[in-house]
Amino acid sequence: MQISGAEILVRSLQEEGVEFVFGYPGGAVLEIYDAIFRQQEFKHVLVRHEQAAVHAADAYSRSCDKVGVALVTSGPGATNAVTGIATAYMDSVPMVVISGQVSTPAIGLDAFQEVDMVGITRPCVKHNFLVKDINELATTIKKAFYIAATGRPGPVVVDVPKDVTQQLAEFHYPESVSIRSYVPVTRGHPGQIKKAASLLAEAKRPYIYVGGGAVQGGASAEVTELVKMLGVPCTNTLMGLGAYPGDDRQFLGMLGMHGTYEANMAMQYCDVLIAVGARFDDRVISVPSHFLAQPKKIVHIDIDPSSIAKRVKVDVPIVGDVKHVLRDLIDLMKQNGQRPDAANLAGWWKQIEQWRSYNSLLYTPSTEFIKPQSVVQKLYEITGGDAIITSDVGQHQMWAAQYYPFKRPKQWLNSGGLGTMGFGLPAAIGAQLANPNAQVACITGEGSIQMNIQELSTAKQYHTPVKVIALNNRYLGMVRQWQEFFYGTRYAESYMDALPDFVGIAEAYGHVGMKIENPADVEGALREAFSPALKERLVFMDFRTDQSENVFPMIQNGKGLDQMDLPPHMRELQIAPFENNRDYGNMC
Amino acid sequence: MRHILSILLENEAGALSRVVGLFSARAYNIDSLTVSTTEDPTLSRMTIVTHGSDEVIEQITKQLNKLIEVVKVIDLNESDHIEREMMLIKVRATGKDREEMKRMADIFRGRIIDVTEKTYTIELTGTSDKLGAFIEAIDRSVILETVRTGASGIGRGERILKI
Ligand SMILES: Cc1cc2nc3c(=O)[nH]c(=O)nc-3n(C[C@H](O)[C@H](O)[C@H](O)COP(=O)(O)OP(=O)(O)OC[C@H]3O[C@@H](n4cnc5c(N)ncnc54)[C@H](O)[C@@H]3O)c2cc1C
Ligand SMILES: Cc1ncc(C[n+]2csc(CCOP(=O)(O)OP(=O)(O)O)c2C)c(N)n1
Ligand SMILES: [Mg+2]
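Going down the list, the protein sequences come from chains A and B. Counting from 1, position 102 in the first sequence corresponds to residue 102 in UniProt numbering; the numbering is continuous, with no gaps. Counting from 1, position 35 in the second sequence corresponds to residue 35 in UniProt numbering; the numbering is continuous, with no gaps.
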């Protein structure tokens, strides 16, 4: 029997086991919406802005093991989706975005609501397709899901002209696809793994640096096993948080621009570094030459060869899936009884404990102002460290990363690579739908939340009881911090005047709003928001936080990992610059 | 350093712009680019001449390989290879220049493929260097027009690029 292209599309999504499609209708996709209307297998979630559809689908995917799906119309619907697509691309999130397109005969004629979606998104997708032939539609959808989810994951755009959705054809959904020009690697080269094992066994100051690839690759158990087995220290990137349990002693915290003192010092002064699904980002190692000036052997495990030797030359590149590579590495080391020398390791730990003893995340408590860090800490306490946390971009994002030690992977959802303000709320909605029984909180700023605040309406419609934790410092705080440090406190356009009454906004959308101005009220308010009475409600919490608080430690542009700007209490200590050669004599 | 990359890619709409887009987005250089279908109509073969440090060339190769439609990439510089480019050059051929142009074409093993009373159009094939040398060798003022294809390359001997 012949069915329409729109029905083929819908059936294909059903075949892929899609649960939710996040989208927004329009002329070019009316046929598809009609087909969705006539089916029950998956649910459509109507957002209030296409960017939010993509973020929600993205976070849905980040918080479970499925490919997120978004559907937008041609022209403005498609362009609105682009920020979301680029966000997912930078963080390697598997997603399929279906965009409507004008009918094939109209393509290229500057037709109403025509944009070259394939052209616009080419630099920020893993791959994209324009489907001109209805007979290729089903296979293309199959390919899109396959490409999105395998290898280094990423978003795939499928642009579907309106006439293709209206034509008729037989529906055959291929059971599998193979693409001759696309063959992702999984197993690492045994010779390379052997070299990695030897390096680790000979290491005096080993360090495991774990990134988003371990989260995406579901390799948290293997990471933990390796670190535990060898008794070595471990750090996570912003994207890797949760891959190794944040409350474990062997975890040194996040590293990088706003990483802990011990995590960054260990990164600089280790002698063998194992990079696991992490890409030596500029926000992590800062200046490669400074990082490498301290000699170290580097093993780099990544599924994408182009991530290896991009910013940093490594000694042992291993192309493969982290889960498989780590499994092989662990098994090999076990089998050979290989492990680093205990005395050396003890010396290394002694040094690390000294670094850790400075407590670089210490901040000055206050009874006058709400310290943003304390809100995150209380949130951790009250949610038992178990909530799924989404965030926006800015200081609040860093405080969330620093003060909520994530226990498990996929618990922390944020835009790291693109740094997209406006990600948090739609992401929370997507995550809540994927995890209906989980507590979901969105830690945001008064700046970021306003970039997608309209999604409060979506949250109402779909009963997603997320808790919005706005750390409202009345500033584009991260911008203000840079202006304080680097632009002589000239706060150019970083102060937001005329802020809305967020409680009123929340209530107008049918939610619960709270304004918290006194440090003494923080705990009570949070307890109430997370109480059974409000379990089914979205609660918007407007915390008026200390306006002048800064994120520490911080590595300024151009500075090295061991050249952090330290918090006030550490500055007072006047810690002598760490001299590697002198200290290592008695250390190891 | 100058590198000559051979790329086998799916003969699909948009594949070429993906390659070109990659070079501009990542600020790599393209000195020349040629592309056409192969004996297998589902595949295109592209030759890109580029330059950059070893690290940059390594990244270019990896990034190209990452494109879904790219089937294979080889850096011809890694071993012996042959490289050819074709140039059509229209020159003024009047008076004493007429004889001189004919002589130069012969020396460079070019062929005169179009003749008018005042002009010759010469077809010249060789390495890019050789075509450059021809332009250097003749009097600039007689050149009316040049068009070059950009280099195509192939490995020497048994070395082949195929799926
Ligand atoms: C305001 C702000 C401040 C920031 N500060 C910091 C900071 O202090 N510290 C910090 O770490 N980041 C920080 N970031 C984030 C930073 O910009 C990068 O997004 C982040 O560091 C990249 O993390 P990653 O290296 O883990 O790589 P990801 O972007 O997570 O990339 C994952 C890597 O793993 C690979 N991979 C994927 N799947 C697999 C698999 N199955 N097997 C093997 N490999 C795989 C991929 O190919 C890729 O190379 C900040 C961002 C913002 C917006
Ligand atoms: C879409 C977008 N525009 C601009 C920026 C640059 N930017 C980064 S952080 C920031 C300030 C965010 O302010 P707020 O949400 O209030 O968070 P705070 O830093 O105050 O916690 C800005 C403007 C960005 N990351 N994203
Ligand atoms: Mg703010």
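There's no promise every hint is true.
Stated by the list, open to error - List time: in silico EDC-like cross-link candidates among lysine to aspartate or glutamate, alpha-carbon distance up to 20 angstroms:
{"no.": "1", "chain 1": "B", "residue 1": "K66", "chain 2": "A", "residue 2": "D304"}
{"no.": "2", "chain 1": "B", "residue 1": "K62", "chain 2": "A", "residue 2": "E202"}
{"no.": "3", "chain 1": "A", "residue 1": "K142", "chain 2": "B", "residue 2": "E69"}
{"no.": "4", "chain 1": "B", "residue 1": "K102", "chain 2": "B", "residue 2": "E123"}
{"no.": "5", "chain 1": "A", "residue 1": "K313", "chain 2": "B", "residue 2": "E10"}
{"no.": "6", "chain 1": "A", "residue 1": "K313", "chain 2": "B", "residue 2": "E69"}
{"no.": "7", "chain 1": "A", "residue 1": "K297", "chain 2": "B", "residue 2": "E55"}
{"no.": "8", "chain 1": "A", "residue 1": "K310", "chain 2": "B", "residue 2": "E12"}
{"no.": "9", "chain 1": "A", "residue 1": "K310", "chain 2": "B", "residue 2": "E123"}
{"no.": "10", "chain 1": "A", "residue 1": "K310", "chain 2": "B", "residue 2": "D80"}
{"no.": "11", "chain 1": "A", "residue 1": "K142", "chain 2": "B", "residue 2": "E12"}
{"no.": "12", "chain 1": "A", "residue 1": "K142", "chain 2": "B", "residue 2": "E10"}
{"no.": "13", "chain 1": "A", "residue 1": "K132", "chain 2": "B", "residue 2": "E12"}
{"no.": "14", "chain 1": "B", "residue 1": "K72", "chain 2": "A", "residue 2": "D304"}
{"no.": "15", "chain 1": "A", "residue 1": "K310", "chain 2": "B", "residue 2": "D75"}
Just so you know, the hints here were simulated from the structure itself, not pulled from any lab data. Computed from a predicted structure; not experimentally measured.
These are the hints, each one checked on the structure:
1. B:K66 - A:D304: With Cα atoms ~8 angstroms apart, K66 (chain B) and D304 (chain A) stay inside 20 angstroms; holds.
2. B:K62 - A:E202: This hinted pair is violated, its Cα atoms lying about 31 angstroms apart.
3. A:K142 - B:E69: holds (16 angstroms)
4. B:K102 - B:E123: Holds: K102 (chain B) and E123 (chain B) sit about 12 angstroms apart, inside 20 angstroms.
5. A:K313 - B:E10: violated (32 angstroms)
6. A:K313 - B:E69: violated (28 angstroms)
7. A:K297 - B:E55: holds (19 angstroms)
8. A:K310 - B:E12: Between K310 (chain A) and E12 (chain B) the Cα gap is close to 29 angstroms, so the pair fails against 20 angstroms, i.e. violated.
9. A:K310 - B:E123: violated (42 angstroms)
10. A:K310 - B:D80: violated (27 angstroms)
11. A:K142 - B:E12: holds (18 angstroms)
12. A:K142 - B:E10: Within the cut-off at roughly 18 angstroms; holds.
13. A:K132 - B:E12: Holds, at roughly 12 angstroms.
14. B:K72 - A:D304: At roughly 16 angstroms apart (the allowed maximum being 20 angstroms), D304 (chain A) and K72 (chain B) satisfy the hint.
15. A:K310 - B:D75: holds (18 angstroms)
Comparing the model with each earlier hint shows violations of hints 2, 5, 6, 8, 9, 10; every other hint is respected.
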